[in-house]
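Please build the complete structure, drawing on both the sequences and the hints.
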Amino acid sequence: MSFEIERKFLVCGEFKSQAYDSSRIRQGYISSGGGATVRVRVRDDKGYLTIKGRSDAAGLSRYEFETEVPLSDALDLMKLCEPGVIDKTRYLVRAGRHVFEVDEFYGDNAGLVIAEVELSDEKEAFEKPVFIGREVTGDRRYYNSHLRVYPYKLWREE
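Residues in the sequence shown are numbered consecutively from 1, following our numbering.
Hints in this document: simulated from the structure, not taken from any laboratory.
Please note that the accuracy of each hint is not assured.
Only pairs whose alpha carbons sit at most 20 Å apart, straight line, appear in this in silico SDA-like list of lysine to any residue [unchecked claim]:
no., residue 1, residue 2
1, Lys46, Glu14
2, Lys46, Glu64
3, Lys8, Tyr106
4, Lys128, Lys46
5, Lys79, Lys128
6, Lys8, Thr89
7, Lys128, Asp44
This is the structure we're talking about:
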């Protein structure tokens with residue numbers, strides 16, 4: 001069984017000049033109820049199917065299974081998804097021994113930029129790049145499955 005342990009942060013500042021790679025991601029959700037999700041992702045010219053379990057109480061870790069699928073299958077599966085698609089560019093930025101995945105969102109989530117770092121242990125130390133802002137680990141509003149239903153633009157209007 002595979003678990004992901006990650007921490008999420010808001011991004012405040014310039015990060016793109018520090019990125020060593022980037023890719024465009026579009027993703028939808030076949031199922032997103034009850035905290036567990038089945039996600040379809042198209043990342044550049046590749047397709048993926050991901051199943052994620054419910055997060056632990058702190059929002060730090062959860063079960064994750066991901067497998068690459070043919071792009072044509074991923075595009076077909078996107079047609080089966082619940083309404084709303086996440087559209088973003090993911091930038092990869094090295095900081096010490098870790099890589100931060102920085103997501104810049106588009107569409108109804110434009111203006112939101114989140115950085116995640118995957119850890120091997122919940123207490124693992126890591127270097128924070130200067131663009132890292134407030135931690136939002138465990139705040140479900142920042143889960144992609146939630147942003148699909150309740151996009152960032154609605155928060156700003158409240």
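These are the hints, each one checked on the structure:
Annotation: proposed proximity of Lys46 to Glu14 is violated, straight-line Cα distance about 28 Å (limit 20 Å). Among the hinted pairs, Lys46 with Glu64 is consistent with the structure: their alpha-carbon atoms are about 19 Å apart, no more than 20 Å. Simply put, Lys8 and Tyr106 have alpha-carbon atoms about 18 Å apart, close enough for the 20 Å limit, and the pair holds. Restraint check for Lys128 and Lys46: not satisfied, since their Cα atoms lie roughly 30 Å apart, outside the 20 Å limit.
Between the alpha carbons of Lys79 and Lys128 the distance comes to roughly 38 Å, so the proposed pair goes past 20 Å and is violated. A C-alpha spacing of about 16 Å is found between Lys8 and Thr89, which places the hinted pair at or below 20 Å, so the restraint holds. Distance check on the hinted pair: Lys128 and Asp44 sit about 28 Å apart at the alpha-carbon level, beyond 20 Å; violated.
Violation of the numbered hints given earlier is confined to hints 1, 4, 5 and 7; the remaining hints are satisfied by the structure.
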